[in-house]
Amino acid sequence: MARAAAPGEGGRLAGRPALPHDAAGFGEWAAMQLGRLGVWIPTDRLDAAALRALLRVVEGRGYGTLWYPESRGYESVALAGFLLANSERLVIGSSIANIYARDAFTARRALATLNGLHGGRFALGLGVSHIPMVEGLRGHRYDKPVPAMRAYLDGIRKAGDAPLEGPVLLAALGPLMLKLAAAESDGAVPYNVTPEHTAEAAAALGPGKVLAVEQKVCVETDKARARALGRKELARYMTLPNYVNNWLRLGFTEAELADGGSDRFIDAMVLSGDAATVQAGLRRHFEAGATHLCIQPVTEEGDTRHRDAMLDALAET
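In the UniProt record's numbering, the protein residues as written are 1 to 317.
Warning: the hint list may mix true and false statements.
To be verified - Derived DSS-like pairs: lysine-lysine, alpha-carbon spacing no greater than 25 Å straight-line: (1) Lys144 x Lys179; (2) Lys158 x Lys179; (3) Lys144 x Lys158.
Don't read these hints as lab results, they were simulated from the structure. What you are looking at is a predicted structure, and each value in this text was computed from that prediction instead of being measured.
With the sequences and hints as input, model every part of the structure.
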């Protein structure tokens with residue numbers, strides 16, 4: 001996590017280990033290492049063989065980063081070790097590691113261990129998750145998100161005297177969490193957002209920060225089919241207050257979020273159409289200030305052929 005730059009430093013982040021990004025400034029390093037495009041995949045659905053196949057596709061198509069969640073299946077740090085061991089150049093990013101799943105000291109040691117053993121290719125994305133995943137599944141008390149994250153970041157800092165061993169990013173949606181991300185981390189990894197949110201997040205974070213935005217995509221010219229796939233994928237999120245409140249802040253109405261979501265809402269959350277149309281939608285995030293996009297292919301369950309075809313079509317050459 002970076003401190004504010006002192007006068008005369010030109011935005012350079014001080015106090016970091018002597019890695020390539022230290023010389024150029026963290027923003028420049030992140031743009032180079034993460035790449036413009038990464039891939040976000042719900043890895044719990046994949047076994048070891050399928051994960052290896054996915055890594056070959058993502059790495060082979062030239063994407064810079066593979067992002068993965070932490071939900072009810074794989075444990076975040078163990079999975080990161082597997083993904084790093086089975087790839088060569090990809091940055092692997094947690095999006096996100098649940099702060100209630102391990103204490104701050106352990107998170108700090110995970111960051112150091114994974115980057116020490118795998119050439120500095122791990123980005124630690126942290127999030128407060130959701131009440132059902134914290135209280136219902138883990139049996140913890142779900143505290144107020146911003147104070148909980150602030151205390152966790154303080155714990156990470158106190159877990160060692162040396163500079164942090166890699167980037168720390170926050171799952172930030174609302175203005176207070178974005179403010180915390182700007183002050184106490186290397187940037188943000190927003191999920192289920194629009195280019196309008198990206199513009200707000202970029203302004204809140206300021207220069208020299210990572211803004212790695214997740215965007216669902218469906219390269220499918222049959223609009224009815226694309227929307228049906230989108231509604232199925234989004235259903236799990238539409239009961240979670242963190243997302244619902246952010247969508248309302250972004251101007252969607254309660255009516256638009258009812259009954260699976262209006263067409264306008266689904267089209268905003270899942271970019272669909274031919275590859276050129278989807279790419280135009282992705283460019284809106286970059287124009288709004290994103291430094292990196294994590295594209296999430298939306299398909300029928302287990303349809304790796306459609307997933308891989310999308311990754312092929314959207315890869316930058």
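Hints and how they fare:
Taken as a hint, the Lys144 and Lys179 pair is honoured in the structure, with Cα atoms around 15 Å apart against an allowance of 25 Å. Distance hint between Lys158 and Lys179 is fulfilled; the C-alpha atoms sit about 21 Å from each other, no more than 25 Å. Proposed proximity of Lys144 and Lys158 is supported: the alpha carbons are some 21 Å apart, at most 25 Å.
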